[in-house]
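Model the full assembly from the supplied sequences, consistent with the hints where possible.
Protein chains in written order, with the numbering used here: chain C, 1 to 277; chain L, 278 to 707; chain H, 708 to 920.
Just so you know, these hints were derived from the structure itself, not from any lab.
Among the chain C residues that face chain H by a calculated CB cut under 8 Å, a handful are: (1) PRO131; (2) LEU246; (3) ALA254.
Chain H side only, calculated, beta carbon under 8 Å to chain C, not exhaustive: (4) SER760; (5) THR764; (6) PRO769; (7) GLY770; (8) PHE771; (9) GLY775; (10) PRO779; (11) ILE859; (12) ILE872; (13) LEU876; (14) LEU879; (15) ALA884; (16) LEU885; (17) ALA889; (18) GLY891; (19) ALA899.
Ideal Cβ positions, reconstructed from N, Cα and C, are used throughout, including at glycine.
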Amino acid sequence: MSERPGVVAAGTAQGPTASAGTDALPGGTADTLVSRDRSWLPLLRQLAGIILAGLVLAAWLLSAELTATEQITLNPASLLVYTGEHLALTLLAAAIVLVVAVPLGILLTRRPFRRVAGPVLAVVNLGQSAPAIGLVVLLAAWLGFGFRTAVVALVVYALLPVLRNTMVGIGQVDPRLVEAGRGMGMSAAAVLLRVELPLAVPIMLAGIRTALVLLVGTAALSTFINGGGLGILITTGVNLNLSRVLIAGAVIVALLALLVDWVGRVVELLARPKGLA
Amino acid sequence: MSDNIPATASTDPASVITGASILLDQVSKRYPGQAKAAVDGLTMEIPAGKIVMLVGPSGCGKTTTLKMINRLIEPTEGRIVLDGDDVTGINGDDLRRRIGYVIQAGGLFPHMTVATNIAIVPKMLGWSKDRVAARVDELLELVSLDPAQYRDRFPRELSGGQQQRVGVARALAADPPVLLMDEPFGAVDPITRVRLQDELISIQKELQKTIVCVTHDFDEAVKLGDWIAIFTEGAQLVQYDTPERILAEPANEFVENFIGAGAGLKQLTLTRVNEVELQSAVTASPGDLSSDVLSRLDQQGHDHAVIIDGRNRPLQWLSRRQLARLERIGSTRDPRLPVVGERATLNDALDIMLVSSVGAALVTGGRDSFRGVVDVETIMVAMSQAHARARTSHAEGKPVGINTGALTALDGPHDGTAPLRSADRGAGGE
Amino acid sequence: MIEYVSSRFGQILFASWQHFSLVVQSLILATVLAVVIAALVYRSPALTAVANSVSATGLTIPGFALVGLLIPLFGFGVAPAVIVVVFFAVLPILRNAVVGLTGIDGAVIESARGVGLSRFQTFRRVELPMAWPVILAGVRVSAQMVMGIAAITAYALGPGLGGFIFTGLARLGGANALESVATGIIAVIILAVVLDLLLVGLGRLTIPRGIRV
Numbered sequence: 001m002s003e004r005p006g007v008v009a010a011g012t013a014q015g016p017t018a019s020a021g022t023d024a025l026p027g028g029t030a031d032t033l034v035s036r037d038r039s040w041l042p043l044l045r046q047l048a049g050i051i052l053a054g055l056v057l058a059a060w061l062l063s064a065e066l067t068a069t070e071q072i073t074l075n076p077a078s079l080l081v082y083t084g085e086h087l088a089l090t091l092l093a094a095a096i097v098l099v100v101a102v103p104l105g106i107l108l109t110r111r112p113f114r115r116v117a118g119p120v121l122a123v124v125n126l127g128q129s130a131p132a133i134g135l136v137v138l139l140a141a142w143l144g145f146g147f148r149t150a151v152v153a154l155v156v157y158a159l160l161p162v163l164r165n166t167m168v169g170i171g172q173v174d175p176r177l178v179e180a181g182r183g184m185g186m187s188a189a190a191v192l193l194r195v196e197l198p199l200a201v202p203i204m205l206a207g208i209r210t211a212l213v214l215l216v217g218t219a220a221l222s223t224f225i226n227g228g229g230l231g232i233l234i235t236t237g238v239n240l241n242l243s244r245v246l247i248a249g250a251v252i253v254a255l256l257a258l259l260v261d262w263v264g265r266v267v268e269l270l271a272r273p274k275g276l277a
Numbered sequence: 278m279s280d281n282i283p284a285t286a287s288t289d290p291a292s293v294i295t296g297a298s299i300l301l302d303q304v305s306k307r308y309p310g311q312a313k314a315a316v317d318g319l320t321m322e323i324p325a326g327k328i329v330m331l332v333g334p335s336g337c338g339k340t341t342t343l344k345m346i347n348r349l350i351e352p353t354e355g356r357i358v359l360d361g362d363d364v365t366g367i368n369g370d371d372l373r374r375r376i377g378y379v380i381q382a383g384g385l386f387p388h389m390t391v392a393t394n395i396a397i398v399p400k401m402l403g404w405s406k407d408r409v410a411a412r413v414d415e416l417l418e419l420v421s422l423d424p425a426q427y428r429d430r431f432p433r434e435l436s437g438g439q440q441q442r443v444g445v446a447r448a449l450a451a452d453p454p455v456l457l458m459d460e461p462f463g464a465v466d467p468i469t470r471v472r473l474q475d476e477l478i479s480i481q482k483e484l485q486k487t488i489v490c491v492t493h494d495f496d497e498a499v500k501l502g503d504w505i506a507i508f509t510e511g512a513q514l515v516q517y518d519t520p521e522r523i524l525a526e527p528a529n530e531f532v533e534n535f536i537g538a539g540a541g542l543k544q545l546t547l548t549r550v551n552e553v554e555l556q557s558a559v560t561a562s563p564g565d566l567s568s569d570v571l572s573r574l575d576q577q578g579h580d581h582a583v584i585i586d587g588r589n590r591p592l593q594w595l596s597r598r599q600l601a602r603l604e605r606i607g608s609t610r611d612p613r614l615p616v617v618g619e620r621a622t623l624n625d626a627l628d629i630m631l632v633s634s635v636g637a638a639l640v641t642g643g644r645d646s647f648r649g650v651v652d653v654e655t656i657m658v659a660m661s662q663a664h665a666r667a668r669t670s671h672a673e674g675k676p677v678g679i680n681t682g683a684l685t686a687l688d689g690p691h692d693g694t695a696p697l698r699s700a701d702r703g704a705g706g707e
Numbered sequence: 708m709i710e711y712v713s714s715r716f717g718q719i720l721f722a723s724w725q726h727f728s729l730v731v732q733s734l735i736l737a738t739v740l741a742v743v744i745a746a747l748v749y750r751s752p753a754l755t756a757v758a759n760s761v762s763a764t765g766l767t768i769p770g771f772a773l774v775g776l777l778i779p780l781f782g783f784g785v786a787p788a789v790i791v792v793v794f795f796a797v798l799p800i801l802r803n804a805v806v807g808l809t810g811i812d813g814a815v816i817e818s819a820r821g822v823g824l825s826r827f828q829t830f831r832r833v834e835l836p837m838a839w840p841v842i843l844a845g846v847r848v849s850a851q852m853v854m855g856i857a858a859i860t861a862y863a864l865g866p867g868l869g870g871f872i873f874t875g876l877a878r879l880g881g882a883n884a885l886e887s888v889a890t891g892i893i894a895v896i897i898l899a900v901v902l903d904l905l906l907v908g909l910g911r912l913t914i915p916r917g918i919r920v
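What follows is the structure, given as structure tokens:
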């Protein structure tokens, strides 16, 4: 569910830019959705849209006559708490994903491990086609309810795009450049650090952004296992039949996802090595 | 490509040679799971300060051979000797820092500026910032790029030819004695390629590195190479010789086919106009009486007179009929005058002769001064002489400073008969 | 686990079928929608940009949030499930269709018009077949994604395998809870793999041999 969108984003580019794909798995290419448009204008528009939508939501909530329960759930202080929890889930999981997936992705592109890269991706891919809600519940059954379990589920979920894009990003580096580097006497480590990784950065960042968006969406599910976050607004809204709470929750989660996506795009724009088209 | 007499190849005044000799000593490369060796017992000497071209059909092992010199590909057997030192066992990265490496399209790192690209090896060697910066500018000038203009550009802001030049500059950055080039001009258009080849020749004249260059283009090999090594499958060295001798005396049918049609025409590219004996000509100056000139033509049995100015530069080339129509000779310059510089190849001269109405061309030397006339006959004579020379030097068995194939022939047991055969052919001597 | 599955085999099969049918029908609808929209926008750079940003933004919206949003509007049941699944299914196909159609060499189209094909004939007989592999790749991505999204629509009491997961959640700690969740997950994965294979087969049948990779 929530995560799926992100992954999709990843896979979609498959057709057009099939050359970037290294694995022949179902839908299995990297997020080559690296933003081609390098101007700031679309980014400004995206930010303006998010802010506008946020203002509309706020105006709507302020103008509506809220019931007592709605007021309790939707007061700014508790909204802030839920948002904070949501971000904590997202960022913690993202940090763990980075620490695990990037080195693993690098490792799997090194010669001794290249053979297992295919099988590893296949397994991760298969895991990706499991529904996120199922994974969350399953892990809760095993590890118990709570924040920690939610983080674990999120990590498992967001691993794929980062791992895959790290591998594809490094894999798409022109092998002749690697050879040129080695031919000049750069060590394998120097070639990795100074040639392969910088050139993989755009695709890796796109994967990280995909993962973050995925995490924001999936973190909404952690409410089912008492993991906190904004999902509680949605479940409360449904359970108590409070449409406004439900809508507010859904919109805030969506806006948060868009905002995270925006931040990701800004970082991509700034961190893209100069000299790349 | 200046010396076409093998004897001079080795005895060249070596004062400026900065290159180092390379020896591949019974080198083999086998890949696991492949029955045939990619390179099979190859022994090859590459003389210092020379350009050696490795040519052959694709998959013949020439690139593998090249990459074994800097050990990008580790040989399975055999030794690599650089400037007398066995480098087979030393740290590969250290070795490669001492050897320049140029690949197709330059292989520039797209995320680094031109200057950063060039500075990679010097920085790894721990040069000071100032020294690196100075070296970058020096190299850019060497490859005819204005440092101020190109230093801070990114590769994608350069044309293909410019990228390739930066690639060469980068390879030369730490002043390595040896330059390895893998199809360096394969990715640029024909016109740029010719220009880059000419530049490489002039850079080489200045630097005298040892250059080993892989190409699939035999014409390029003829143009650039002091020596050409022709390989067939398994890096079997079929012939290793000067371009002249390969053209005059191909070792076997394979080489003949590889040279392709027009060996004679290719040979024309090997001789320069100043290396042949020019025909003399009747000369005259503006203001002379036509009748005087005509009578001089009669005396010497010529049909044309060359009009030269005060600084001995040719202005016009007049036939008897044209002279008969004039009283005095004018001082205008004929823009369509068939002129060829004495450094041009016979091929260029022939080209100009064919379109000139006279069927010959005027040869000029320094400051465009008139040297003589080259005509088809001159070229025919020069060609047959070159042919004869190539044949005799071949017969004398003087492939100095080279050789090939498997010394296994001497050592005995090592490898099968194939390399042995190639040794025979390659050496051309028994 | 085996006991759980065998005792409810019919129920699992039925839910799987519902799930599969929801996804496939939505995919067909989504493909038609996406191709039509792409056909309308791909000639105009401005509209193409709008379509691309809509698909990019749409994919950012969490599925669970959209399910939540639709409950007040459409109530519980099949309607919100179909809407959510179609919505997400359209996006990747749309983007690929736009990329596929705009990526065709202009010379090919020109020569098609040159031999006298009408604009519509050119689209139907030249452009669409040439873009089809790319579109189909989008369908595969959609299929994989939507399999999971269909599971969460069970929260709005939609049909399919999501029910097993939410049932398990409700009874967590009780009997058969884990089995129920695992059944839901595994069945979804199996369906995803089966559907993907079917789509690969479809590609074999429908992609002209000349442009098959």
